[in-house]
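Participant: The lines below spell out each chain.
2 protein chains.
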Amino acid sequence: MTDRIREFLKNRKEEGPCLVLDLDVVRDNYGAFARTLPDTKVYYAVKANPHPEILSLLNKLGSSFDVASVPETLAVLATGCTPDRISYGNTIKKESEIATAFKLGVTLFAVDCEAEVDKVARAAPGARVICRIHCDGTGAEWPLSRKFGCEPEFAADILERAHKAGLTAHGISFHVGSQQHNVEAWDRALASTAAVFRTCAERGIMLSTVNLGGGFPAKYVRKTPKLESYGKAIFRSLRRHFGNRIPETIIEPGRGMVGNAGVIEAEVVLIAKRSPEEDTRWVYLDIGKFHGLAETIGESIRYPIRTRRDRDEAGPCIVAGPTCDSVDVLYEKTPYPLPVSLAIGDKVLIEATGAYTSTYSSVGFNGYPPLKSYVIAPTEPALAA
Amino acid sequence: MTDRIREFLKNRKEEGPCLVLDLDVVRDNYGAFARTLPDTKVYYAVKANPHPEILSLLNKLGSSFDVASVPETLAVLATGCTPDRISYGNTIKKESEIATAFKLGVTLFAVDCEAEVDKVARAAPGARVICRIHCDGTGAEWPLSRKFGCEPEFAADILERAHKAGLTAHGISFHVGSQQHNVEAWDRALASTAAVFRTCAERGIMLSTVNLGGGFPAKYVRKTPKLESYGKAIFRSLRRHFGNRIPETIIEPGRGMVGNAGVIEAEVVLIAKRSPEEDTRWVYLDIGKFHGLAETIGESIRYPIRTRRDRDEAGPCIVAGPTCDSVDVLYEKTPYPLPVSLAIGDKVLIEATGAYTSTYSSVGFNGYPPLKSYVIAPTEPALAA
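Protein chains in written order, with my numbering: chain A, 1 to 385; chain B, 1 to 385.
There's no promise every hint is true.
The list treats identical chains as one, so a pair stands whether inside a single copy or across any two.
What the hints assert, rightly or not - Computed cross-link-like contacts, DSS-like style, restricted to lysine-lysine with a CA-CA straight-line distance of at most 30 Å:
| # | residue 1 | residue 2 |
| --- | --- | --- |
| 1 | K10 | K219 |
| 2 | K273 | K60 |
| 3 | K232 | K10 |
| 4 | K164 | K10 |
| 5 | K164 | K333 |
| 6 | K164 | K273 |
| 7 | K232 | K13 |
| 8 | K41 | K219 |
| 9 | K103 | K347 |
| 10 | K372 | K103 |
The set of hints was computed from the structure by calculation and includes no laboratory data. Just so we're clear, the structure is a prediction, and the values are computed from it rather than from any experiment.
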């Protein structure tokens, strides 16, 4: 929460939940990544929040961009960013999408299997490919499934196939899992990566780049390590596994770039006890899983919820959204402590909601409109991070 | 799947997944509900699919409507439907929303706790209220949580509070759980309902109406009982618990009205084996959890997936969506059998997707646009159901 967001909300007249983003926080986050990992290129993961003003600010600051689709590519190019600063990081692409991105000038694509290499070779001849390897995500609040990435032992074959098909085998990427709390999580993946580099070198293919992915946490309820600790741990691992031939590195922060820049203001619609002897109250907000808080699926992310009554005694609550859908419950397995004095009509602030909220919102489930979002322009001079 | 949908898809030129709805199926479904439960008023659950042409057709056919919000109320009124045919069924409402609906002419509201009664009394003086009671949903594919409904023993107090506040205590509603396979599921809830009717009568409050809710299944992979069996079982239960003083009844089919009217066409973007010794393939479609198939959360709903190669040998697949989100996996716990010959670029048909798909779609997660939907107008004469 920032003073500028507080001020904005004080003056807001409209009804309904909204997300407010303070671009000064985004600017500062970019600065922190750039300072902490000075030899690493920052590719902002657009999917975290593709708001045009976020993209525009990051473009001005010199950021590169990780995109998941053609529309995201177009959104980045619309800021004036050149396509050489775009990485198409989605390993699941239609051949027509690859061709469109390539026509737009994008020359860096992620792959994780031979079929995808063949598509890129046909649709984007001569492009660079980065092979994504699977790593187990231990320590992440939201560990990654087997959906993405080949087993490390197949990466060299995939990259060799790319090389033989006239593509540039550019490097390796991995993702240690979103909201990663273990600063050492990159080490095992970097060990595997170094092994792929060696195998490829033996086959005459010189890889140049390691995409370290995202995973840098936003601070929710649980404490997170400092960004500096991540930077140091990653650098130690790079030294350990690559010696003094450290490759080019890329990071793709999304949540870490914009998560703490946003706050959702919502309203308490109803409070009900389901039986007189129960202590736990049901607290229904005017926002739920289907209008921006999808990351509460499985109660993965526990957002800080603030009220004007936080000094009062707290009691356990099941927190739910406003739709007629029984799945639309945010916190139930682990009830959320909220003030006993909380009342219908109270506003609540759901903090650290700048990432993975507004675009998850449904187009209109139960008739409720998509989550509104507002940005507060960066203080001038914008570049004095 | 209908011939008309097949024909439509054959002629479609655009890229990307889409939902196609055949309004003849909706018309026939309405006819079946009206015929099977002739003494029951049908309130279509708008949230299942609020497409204006569906609402318009159902209005012409004489249906009433169950709405979850003010925007859904407006959508129904836009068809020319009069507000006396609208039930505001969401138990979670802002006082301002109740006031707006009341101004629009809506006079029937659901409540499930005293705080909600007080809101309705203030914002919609003199309106009718139906108290929702909780029932356990045994037999439903998607059982309902404790999110909605009071325990039956508190319903009389809640209705008495409404009565004393100048509202009309109209009746009881419940929901036996979505996609209910047990035709007897209504019996226990009707026993509780009859008990509330008796308690209220002893207090001089004569309830008139039972809202039997939804729960009528669409046919997915599993076989479902015939609608006639539901009608007969419900009528038997009404006789059993109410004798010859059978109350007015309402049903709120949503899934049962439009589920089987729609088919999603999608495309296979990628097929990958994650290791050579694994039999299971990962099949990535251009639609997933965030663009319409949210009901695969927890693998609750298993949609029939058809391909052109269904006569070929099948093998187990993990089916996933196209986004860079590891949660975007449709079927993994129970792999889905798909043809071994399935190829990248193949179209697949995801059947019985007319309900709870298009409005769940995100506004643009990962840059992918919301699910497109098309309707095929009903054959004339539309009313000859």
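Participant: All the hints need checking, so say for each whether the structure fits it.
Facilitator: Hints versus structure:
no., hint, verdict
1, K10 to K219, "within (24 Å within a copy, 50 Å between copies)"
2, K273 to K60, "neither (51 Å within a copy, 41 Å between copies)"
3, K232 to K10, "neither (41 Å within a copy, 57 Å between copies)"
4, K164 to K10, "neither (61 Å within a copy, 38 Å between copies)"
5, K164 to K333, "neither (52 Å within a copy, 37 Å between copies)"
6, K164 to K273, "between (66 Å within a copy, 21 Å between copies)"
7, K232 to K13, "neither (46 Å within a copy, 53 Å between copies)"
8, K41 to K219, "within (23 Å within a copy, 51 Å between copies)"
9, K103 to K347, "between (48 Å within a copy, 25 Å between copies)"
10, K372 to K103, "between (33 Å within a copy, 26 Å between copies)"
Of the numbered hints listed earlier, those contradicted by the structure are 2, 3, 4, 5 and 7.
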